[in-house]
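Each protein sequence line maps, in turn, to chains A and B.
Counting from 12, one number per residue, gives the positions in the first sequence under our numbering.
Counting from 12, one number per residue, gives the positions in the second sequence under our numbering.
No wet-lab data here; the hints were simulated from the structure.
Worth double-checking, as some hints may not be accurate.
A pair counts as met if it fits within one copy or between any two copies, since identical chains are not told apart.
The calculated SDA-like cross-link candidates involving lysine to any residue, where the alpha carbons are at most 20 Å apart (straight line), are [said to hold, decoys possible]: (1) 310 to 396; (2) 384 to 58; (3) 225 to 277; (4) 118 to 33; (5) 225 to 274; (6) 225 to 278; (7) 82 to 240; (8) 384 to 231; (9) 384 to 232; (10) 384 to 281.
None of the values given here were measured: they were computed from a predicted structure.
Spelled out from the first residue to the last, the chains are:
Protein chains: 2
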Amino acid sequence: MSIGAQAVARCQAWRHPPFSDAPDGLSRRYLTPAHRAAITEMTGWMEAAGMAVRLDAAGTLIGRYEGTGSKTLLIGSHIDTVGDAGAYDGTLGVMLGLGCVEALAAKGRRLPFAIEILAFGDEEGSRFHSSMLGSRALAGTLASVPEIFDAAGVSLAEAMRGFGLDPTQLPLAARARDDVLLFLEPHIEQGPVLEAENLAVGIVTGIAAQTRLKVGLQGMANHAGTTPMHLRRDALAAAAEAMLALEEIALEAGIVGTVGAIEAFPGVSNVVPGRVSFSVDLRAPTEAVRDAGGEQFGKVLQEICGRRGIVAEVQTVQSLDACYCDAAAQKLLAQAVATCGVAPFYLPSGAGHDAMSVAALCPVAMLFIRCLKGISHNPAEHVEVQDVETAAQVMLAFFELLAGQ
Amino acid sequence: MSIGAQAVARCQAWRHPPFSDAPDGLSRRYLTPAHRAAITEMTGWMEAAGMAVRLDAAGTLIGRYEGTGSKTLLIGSHIDTVGDAGAYDGTLGVMLGLGCVEALAAKGRRLPFAIEILAFGDEEGSRFHSSMLGSRALAGTLASVPEIFDAAGVSLAEAMRGFGLDPTQLPLAARARDDVLLFLEPHIEQGPVLEAENLAVGIVTGIAAQTRLKVGLQGMANHAGTTPMHLRRDALAAAAEAMLALEEIALEAGIVGTVGAIEAFPGVSNVVPGRVSFSVDLRAPTEAVRDAGGEQFGKVLQEICGRRGIVAEVQTVQSLDACYCDAAAQKLLAQAVATCGVAPFYLPSGAGHDAMSVAALCPVAMLFIRCLKGISHNPAEHVEVQDVETAAQVMLAFFELLAGQ
Chain A
12 MSIGAQAVAR CQAWRHPPFS DAPDGLSRRY LTPAHRAAIT EMTGWMEAAG
62 MAVRLDAAGT LIGRYEGTGS KTLLIGSHID TVGDAGAYDG TLGVMLGLGC
112 VEALAAKGRR LPFAIEILAF GDEEGSRFHS SMLGSRALAG TLASVPEIFD
162 AAGVSLAEAM RGFGLDPTQL PLAARARDDV LLFLEPHIEQ GPVLEAENLA
212 VGIVTGIAAQ TRLKVGLQGM ANHAGTTPMH LRRDALAAAA EAMLALEEIA
262 LEAGIVGTVG AIEAFPGVSN VVPGRVSFSV DLRAPTEAVR DAGGEQFGKV
312 LQEICGRRGI VAEVQTVQSL DACYCDAAAQ KLLAQAVATC GVAPFYLPSG
362 AGHDAMSVAA LCPVAMLFIR CLKGISHNPA EHVEVQDVET AAQVMLAFFE
412 LLAGQ
Chain B
12 MSIGAQAVAR CQAWRHPPFS DAPDGLSRRY LTPAHRAAIT EMTGWMEAAG
62 MAVRLDAAGT LIGRYEGTGS KTLLIGSHID TVGDAGAYDG TLGVMLGLGC
112 VEALAAKGRR LPFAIEILAF GDEEGSRFHS SMLGSRALAG TLASVPEIFD
162 AAGVSLAEAM RGFGLDPTQL PLAARARDDV LLFLEPHIEQ GPVLEAENLA
212 VGIVTGIAAQ TRLKVGLQGM ANHAGTTPMH LRRDALAAAA EAMLALEEIA
262 LEAGIVGTVG AIEAFPGVSN VVPGRVSFSV DLRAPTEAVR DAGGEQFGKV
312 LQEICGRRGI VAEVQTVQSL DACYCDAAAQ KLLAQAVATC GVAPFYLPSG
362 AGHDAMSVAA LCPVAMLFIR CLKGISHNPA EHVEVQDVET AAQVMLAFFE
412 LLAGQ
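Use the sequences and the hints to build the structure in full.
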């Protein structure tokens, strides 16, 4: 069985109990029995490949395949999932790393650096309302266990103790910078770009800078039958104009802007909406480009609202800086991709990943794998075995290129 | 006290118990104790003015002031209200009719036609989910009592019996056509046009033809971060474009088009909306103009959706024909308005009124009275006494013009 076929088969098997806490539909949340089952099976595979295995204080499973040098290449992603999840988000990256090490071990090949496969236990934040706990602990940016609770009221510290982890030991999960060469995260794209480009894999340039806004528009509610168009202060019409302006700004700047949520008040068919609130999600490869888009949107919004007699209030809900993938690693990945007969293609990631957190520790690189229609966080998530095998071959080629430096 | 001041004072007094069923805020629903209290007081006023008073089988209070001829001029509106209502919607028209008859009676003036003041008990439909029960019974278009229930599960027939009405007698509420000259309904505008025109009263040309649509747009839900703008099928962006198109169509045609309700699914900030549904309310002076607007909207919607990869489904929820006010009566009202020193101004009604139902029986006319900012169905509903007095003088002048014919 090829590395790709093996990785896909393992992800598929993990869709069901005991690797899922739900009888139907995959749900593998942090520090649950399904998480434990996954750790146990993964430990067996790692040990069979001659790796030294340990669980760090944050519940990240780490398998180490020794090299001839002192530095370490970290490879990994997360094995937790959202509710009713797909099989590949996160997990596939871990399986690919494991498969590559198994291939090296089978040939007795040792590289001038060690490889560690990391299986983070929490990236999604689907159990506690905080995400990337594993990768943040690794990077040393999570100094202590936050006081957060799951839906059943269990605290994170309590859940850790129940899992055999000592919350007071969390700082020990932080890695020493000097030991680490690079963090490589293989991951499904969760978007439609590679499919549209007809490419199996792509090289990630960075993870987008993101801003989330909440926009409130106050106009005047009126009778839909008795208020002439020119005497209206229709908050929803103003919102419509603002949404199209956002779309145009994003298209022109080559970034993404989304209105995902909207509410109109009073929200009945025969009343002109007096108040509307809607969300804005703006992402760009750099903070500067994102901020320019945001400023442009703010200006256009004020112009629209001034003209329509609407009062606009814009609130910044969240603002995340961009994370840049290591330039040298991108170049090396491109060489490796070309070696496998695929045209090197660079793309930014609009979604957040563990690599964002690990970037606080060391240079990071990401390899995206094409997925069907970009569907993710959904049981319909799908990858082609051939694409996964291409990713595995790219990774092996990348190891050799890195070894040659 | 002037007729106008008296009418306003009576409306104000009826804002409170026993004329309201709510201790705070006006609520006078069909066949309730508040309705009974209003009927009792109104009966006293009518009898004091020398009118013969009866309650018809639908609970409409009718006071008859005899004339010298055999025909009857009907004047009236409704005395029921929505919840937390204003004082004037409906009720003011009845008080104005009553006040005019009181003025005639005080002078011993008999006209060549009788005048009947009608106080309909249900126009709003705020107790049962069917409206204009009183005026429909009068027009003979409500043959039997519909099987409908209020929020407490009381049937309409049961409520009628509890009020001393016999549901089986409902057909007897229908008026003979030959007896009736015209129905005149004085009513607050419930819109901002007369205020914008700086006019106390206006002559209604008709009640708008109305269409209510429900539009469903099906696109594709996608990750807001990973889906480039050009690969999206954003149902909300399509809806935004459709809303602006509707606004433009209405502005150009001089009609009104409103999107009052909208829902986006899944409705979260980081997902491109895959599905949207919204309401469309379209009103125009004639069915032809309304239908032309509707067809134009449908075409533009298809164009927008075709271009954006969206499937649109349009459902007609309701379609009401226009009601035209009698041309001769409009002319006579205009003369009467001019007599009172006001420039005759014609305007359509975007809202429905009892006159719509009575139009099945006889010619109808409506006189609109300016109200503050067009606010209605709201405790802030307000009219100026001077405007109401102008309306009273217009009505008295109208009687004399009608008498002279």
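Against the structure, the hints:
no.	hint	result
1	310 to 396	neither (48 Å within a copy, 45 Å between copies)
2	384 to 58	neither (36 Å within a copy, 78 Å between copies)
3	225 to 277	both (19 Å within a copy, 17 Å between copies)
4	118 to 33	neither (39 Å within a copy, 86 Å between copies)
5	225 to 274	both (11 Å within a copy, 17 Å between copies)
6	225 to 278	both (19 Å within a copy, 13 Å between copies)
7	82 to 240	neither (70 Å within a copy, 41 Å between copies)
8	384 to 231	between (42 Å within a copy, 10 Å between copies)
9	384 to 232	between (41 Å within a copy, 11 Å between copies)
10	384 to 281	between (39 Å within a copy, 17 Å between copies)
The structure shown violates the earlier hints numbered 1, 2, 4 and 7.
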